[in-house]
Amino acid sequence: MAEMIALSRLTKRFGPLTAVDGIDMKVNRGEVLGFLGPNGAGKSTTMKMLTGFLAPTSGSALVDGIDVTRDPVAVKKRIGYLPEGAPCYGDMTPRGFLNFIADVRGLSGKDREDAIARTVERVEIAGVLEQPIETLSKGFKRRVGLAQAILHNPPVLILDEPTDGLDPNQKHQVRTLIQEMASDKAVVISTHILEEVEAVCTRAVVIARGKVLADGTPDDLLKRSPLHNALHLRIDAGAATALCVDLKAMTIVGDVTQGAIFDGACEISVTSKDGNPIAPEVASMLKDKKHPVSDFKTEKGALDAVFRDITRGPEKKPAETANA
Amino acid sequence: MRNISIIAKREFKGYFATPLALVFIVIFLALTGAFAFYVGGFFTRGNADLTSFFAYHPWLFLLLVPAIGMRLWAEERKSGTIELLMTLPVSTLDAVLGKYLAAWAFCGVALALTFPMWITVNVLGSPDNGVILASYLGSFVMAGAFLAISACISSLTKNQVIAFIIAATVCFLFTMSGAQLVLNFFQGWAPEVLVDALRSMSFLTHFDAVTRGVIDLKDVIFFGSLIVMWLFLNILAVEINKGR
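Chains as they are written, first to last, in my numbering: chain A, 1 to 324; chain B, 1001 to 1244.
Pulled out of the complex, with its shape left as it was, chain B reads as follows (with noise of 0.2 Å):
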């Protein structure tokens, strides 16, 4: 427990020593603003809720949260560094949820940093405050699946580009499963076990549900058990990988 925060401190404030940190952040308020108002139509729906800012989390983080995760290991084996880290006396499992967890506490502070949002809707009217905080914590969860993917996808290679491209990639298939243009290519030929499990693996259905004020247990065991089980191949992978 103590080596994993050690780690996640010492990577957190990693974030803040290069601009990434500030580029970043600056982005991605930008971003949810711009969709939720101009895309969105904040204004003109006259719903006093952020169901139009949230809508567009799914796909923000797809590009955004590989840029978060792509560099947790590429880069300490692109500069040697994870020799250094991986003969000090912390474990692999240690390493790898210190590593997340600062990442994902990065995404915390990134998407707390939108409060103005929710300052704004309970000015302009009279939300339900509880469908909010339930939609905050699911875009958290969420961004943290869409890490847990990035993170692993980044210890299988030394090159933070190839890293942030594959992990954009799963992680847009991992958004778009449910949709018919991903399922269409299926259909045809798999079984209908496995389209349905793909459709079940679908963030966006999920998070749907999620900001729609439900926090069903199932939405709950989806993301943990992903996260779960990313977290888990980047441990074999960084085992497998850390000599090459």
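The following block holds chain A by itself, in its conformation from the complex (with noise of 0.2 Å):
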């Protein structure tokens, strides 16, 4: 079954908070969804549900066909789960710790001794599997929850902002880890780092106060962002106005904006009138007028840009205070 989690009208509500809003979601093997979202958006509280902590105050969870309230254990077995913070028990060791989970997940033998070497191998602990976890770097301690999480190799891997807190060296390691392990599992990471959705993630669900606000790949979203595909060029000061007169003249440019002169020079910058590409039009059209451009760029939209636009429509301003 090439569907591995399906979430249908999903809801929890704490008392008078309604945390997550029905929420509908599915996701396949081989896909590593991001699950993005402002802080209080119910990221963590959809993960809690998905993986048996809390029980929904309605709607369902299916993990491989399974019904999470209906046969927990069952759901279990098939999810790997970093839990925010990655909490372990920090009087243990790292071997002991994998062994206890090793032993709850029901390996034993040389499956057992294999898995804990895998793990320990994928996730570079080996040298510190005799230190109590309390006293390991956050960094350390990341990696111990995050082989916790794929010891048994489950076909679906649930992890809370599994980079949070570490350094541009280890997020990446973290990232290589993910996308090394995607082919043959469904994975969701949560994050609200947005550069994490473009190098790992194949899609991305926004949401915002429990509702979900967009469901897409990450170019999706880039192209929502009005700068998509706008050009920025270089040009000596002298020669902007021409310029900008001969690019407004264009039918598929948006808007022309020239920035302040610098050395000599200024940046002028076009936007793509419906977001297709401008950039072989405006180029050829350089070239034919021969308009002295000293530098030529495109851009592909600012993620966080997006995020922003998504997540605080200013018609829902109101109900943030709500959510905080």
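I should point out that these hints are in silico values taken from the structure, not numbers from a laboratory.
Warning: the hint list may mix true and false statements.
[Unchecked claim] Partial chain A-side listing against chain B, Cβ under 10 Å, derived:
1) F53
2) V75
3) I79
4) Y81
5) P87
6) C88
7) M92
8) Q148
Computed from a predicted structure; not experimentally measured.
Built from N, CA and C at the ideal position, the CB exists for glycine as well.
Make the complex out of the two chains shown on their own, each in a separate frame, by following the hints.
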């Protein structure tokens, strides 16, 4: 079955607060889903319901076709879960901890040894296996948490902010790890780091105030950016005005803005009218009219601007305080 | 069953990963000895038995058992590991029983280490070892009852100190419920049935019966049902509180 996770109308209320409000979502094997949203959007709560930690108020969560509330133990067997903050038993050593997890996961004999050896190698914690977890650095702690989640090679992997608080090298390492494992698994990672979505995710779901606001590939999201396929040109200040006139005359061009003069040159930003690529046309125009352009950059658009746009739609502002 | 033993094993080792186990055992042994010899008059009584030793167990357990039980759930909730534990393929019943049994086994170890008392009394005279064995079993089961209370209360809070104080208070009420101090408070206004019920809840009364060498079915049922009830409440409390 390709469809590993299916949430339908999943809802969680804490008293008067609706943390998750009717989320529908499907994740297939081979997909890495980036679960995006501002703090307090309901990402962690959704993951807690999906992993059987919290019971949904209404709606259902199916993993590999099994309802979480109906057979929680069967679902938990198929899931590897890294909770937010990667909690571990601090007084245990990583070896003792992984042995415990292997036992609970029902691994034994050679399988158990192999799984532990493979995982230790994968997350690179061989050097700290005998140190109490509470004495480890944040990066190592996170890796021990990750090791725990992938130990039994689960078909579904749910990681709540797996790279939060790691340094850039460690972040890169964790992302590579996720990509390596993604081909035969359904992976859900929650994050509010947008570069992460572009780096590892095949699909992104944006939620805020408990509702799904956008669902698509990272490229789909980028297309929502007003700067998607925009161009930045650099030209001598003297020739700038003529260029602006020529650019504005083109039908595919949206806004043309001229930046400040610096070092005798200035930057001109050109947006695409309907979001489609305009670089070839603009380039040939520059060649025909012999504009002395010294630099030419295309832009994909910034995901964080799109993110802000989606999650802070002007008409929804009052609701924010309720969910803070 | 398998899961219960895996969880119990981890929890049991957890006691020895910190100085807690050592501190607890040393203090428990020192206090049981001190009470038996100085307060209970072990030598001056001139009897080759362990009555003066067992008589103070309810009072010691009152404080020491909540100290063992306070971390069971409060610590998991505080550090967030409860989310890890409860998303592993184990049921809440497995987790509650595993933790409880580990802590109870630890009580058993502490109790077993008082064996020099038993040797001493056998060297000095010829006691009724059947009564001593019954008393040890009774003491162990009573510790289990105190522990079930402590474990349940530990799952109601994230704060171990609060868990300790409340558990010690509840244990105190159960120990003392047969005493006039507590009964007087109820006698004036409460119906006679309630006062009788309270009187029958006393750990002291039930434990005294056992230390005289009489293992009565009603005492066994009393402690057994108390343990089952508190563990059941423990499961409910974990289910309700885990996400908070």
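Cross-check of the supplied hints:
1. F53: 5 Å, holds
2. V75: 8 Å, holds
3. I79: The hint holds - I79(A) has a Cβ within 10 Å of chain B, the shortest such distance being about 7 Å.
4. Y81: For Y81(A), the interface hint holds, since the closest Cβ of chain B sits about 5 Å away, which is under 10 Å.
5. P87: 4 Å, holds
6. C88: Constraint on C88(A) satisfied, holds at 7 Å.
7. M92: 7 Å, holds
8. Q148: With a minimum Cβ separation of about 7 Å from chain B (threshold 10 Å), the hint on Q148(A) holds.
Going down the numbered hints, you'll see the structure goes against none, and every one checks out.
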